[in-house]
Amino acid sequence: EAGVVQSPRYKIIEKKQPVAFWCNPISGHNTLYWYLQNLGQGPELLIRYENEEAVDDSQLPKDRFSAERLKGVDSTLKIQPAELGDSAVYLCASSSDTDTQYFGPGTRLTVL
Amino acid sequence: TQLLEQSPQFLSIQEGENLTVYCNSSSVFSSLQWYRQEPGEGPVLLVTVVTGGEVKKLKRLTFQFGDARKDSSLHITAAQPGDTGLYLCAGAWNAGKSTFGDGTTLTVKP
Numbered sequence: 001e002a003g004v005v006q007s008p009r010y011k012i013i014e015k016k017q018p019v020a021f022w023c024n025p026i027s028g029h030n031t032l033y034w035y036l037q038n039l040g041q042g043p044e045l046l047i048r049y050e051n052e053e054a055v056d057d058s059q060l061p062k063d064r065f066s067a068e069r070l071k072g073v074d075s076t077l078k079i080q081p082a083e084l085g086d087s088a089v090y091l092c093a094s095s096s097d098t099d100t101q102y103f104g105p106g107t108r109l110t111v112l
Numbered sequence: 001t002q003l004l005e006q007s008p009q010f011l012s013i014q015e016g017e018n019l020t021v022y023c024n025s026s027s028v029f030s031s032l033q034w035y036r037q038e039p040g041e042g043p044v045l046l047v048t049v050v051t052g053g054e055v056k057k058l059k060r061l062t063f064q065f066g067d068a069r070k071d072s073s074l075h076i077t078a079a080q081p082g083d084t085g086l087y088l089c090a091g092a093w094n095a096g097k098s099t100f101g102d103g104t105t106l107t108v109k110p
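Heads up: the sequence lines are chains A and B, in that order.
Under the numbering used here, the very last position in the first sequence is 112; numbers go up by exactly one each time.
Under the numbering used here, the very last position in the second sequence is 110; numbers go up by exactly one each time.
If you're looking for bench data, these hints aren't it; they were derived computationally from the structure.
Ideal Cβ placement from N, Cα and C applies to all residues, glycine included.
Some hints could be false.
Claimed, not checked - DEER-style ranges, computed between Cβ atoms:
#1 N24(B) to Q59(A): 21 to 27 Å
#2 R60(B) to T98(A): 23 to 29 Å
#3 N24(B) to N38(A): 20 to 26 Å
#4 P81(B) to Q59(A): 34 to 40 Å
#5 L58(B) to A2(A): 33 to 39 Å
#6 T98(A) to T77(B): 25 to 31 Å
#7 G16(B) to T76(A): 30 to 36 Å
#8 L39(A) to I13(B): 38 to 44 Å
The shape of chain B in the complex, shown without the other chains (with noise of 0.2 Å):
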């Protein structure tokens, strides 16, 4: 079973700071995901990588996935309280089989 570990598993900061979240495996995926979950709710999804190194922007937040197709990480920069909530990462394998890392709980104080 391919692992997912994500690092750090809580993370609190003040309005305006940068952060950089984790996601890793000893595992190559042909795809990683990267959700946000508010409480409540279900995994809204922010980004799909599929190529080792892309970089992809969406607003504040840079994702990249790693080389060899085995980590990933979400940088934000000049977090804001909206950015509250947890992020998964989910790397797919086997058309169709995925697997969730635990998530990095944000809390972004005003």
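So here's chain A without its partners, still in its complex pose (with noise of 0.2 Å):
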């Protein structure tokens, strides 16, 4: 069984472009999560789906991050426009209907 995927796992960008996370999570999970993870701390949650509706986004920067999960199954967080503290490593994890979330490898953001 295919786990997370996401896309691309390395990004390097100037401040004040705009960027874009693509991930597919494990086949059936209708849970899905973004994360932001710095060096040497835990991840923490940006945003969580279930199926196509967004129902904890309460730590999400909403003046310049965005995401979507139009169909339910794969999702795309935007960042625009970036900012230098933006710079961290983006992880995606899905679940079905248990507790347990299976991570992606993530996307290392740097923003220059």
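Join the two chains into one complex using the hints; note that each chain is given alone, in its own frame.
Printed below as a string of structure tokens:
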């Protein structure tokens, strides 16, 4: 069974530029999560989807971050415009009806 | 917001030694997960514990969930260099909500 797929794996952009990350969850997993992880810290939730509905986006900086999961399968996270402090690893995870989450490899973003 | 504190933050030991890392909270969780993360990769699930007092073993790793479901420990016997990584605990509550600790970075020297 394929795991969570994320692309790109690495992205380097200049500040004020837009950037987008893509995630394809494990087949059949209705819950999808986007996390931000800074070096030496645990993942911090940005947004959680149940199917196509964003059920928890309280930690998403909505002035510059947006996300969508239009058909309840894959998802895109966008930052526009990116700031220096956005440099981090962006992780996607999915789960079925349990508390256990399965993570993708992440996208490492560097903002110059 | 439920908080999870992990200790120690860093641990460096020699191959063959035993170690225990801790995950503590003042909140009650419905379940708790342990993950290991290697550089450049996402966290990989090691175990899920659900019942207070539960003990699970995975080869040389022993996981325990506290009786009150507020804390957990991970014990590694005879650590090997391949055990090196960031060990994260995550507590789940209110169906679908989880919080992660900041992890313990373990280095096992050959």
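Now for the hints, and whether the structure bears them out:
no.	hint	in the structure
1	N24(B) to Q59(A): 21 to 27 Å	23 Å, holds
2	R60(B) to T98(A): 23 to 29 Å	26 Å, holds
3	N24(B) to N38(A): 20 to 26 Å	22 Å, holds
4	P81(B) to Q59(A): 34 to 40 Å	36 Å, holds
5	L58(B) to A2(A): 33 to 39 Å	24 Å, violated
6	T98(A) to T77(B): 25 to 31 Å	28 Å, holds
7	G16(B) to T76(A): 30 to 36 Å	47 Å, violated
8	L39(A) to I13(B): 38 to 44 Å	22 Å, violated
This entry does not satisfy hints 5, 7 and 8, going by the numbered hints stated previously.
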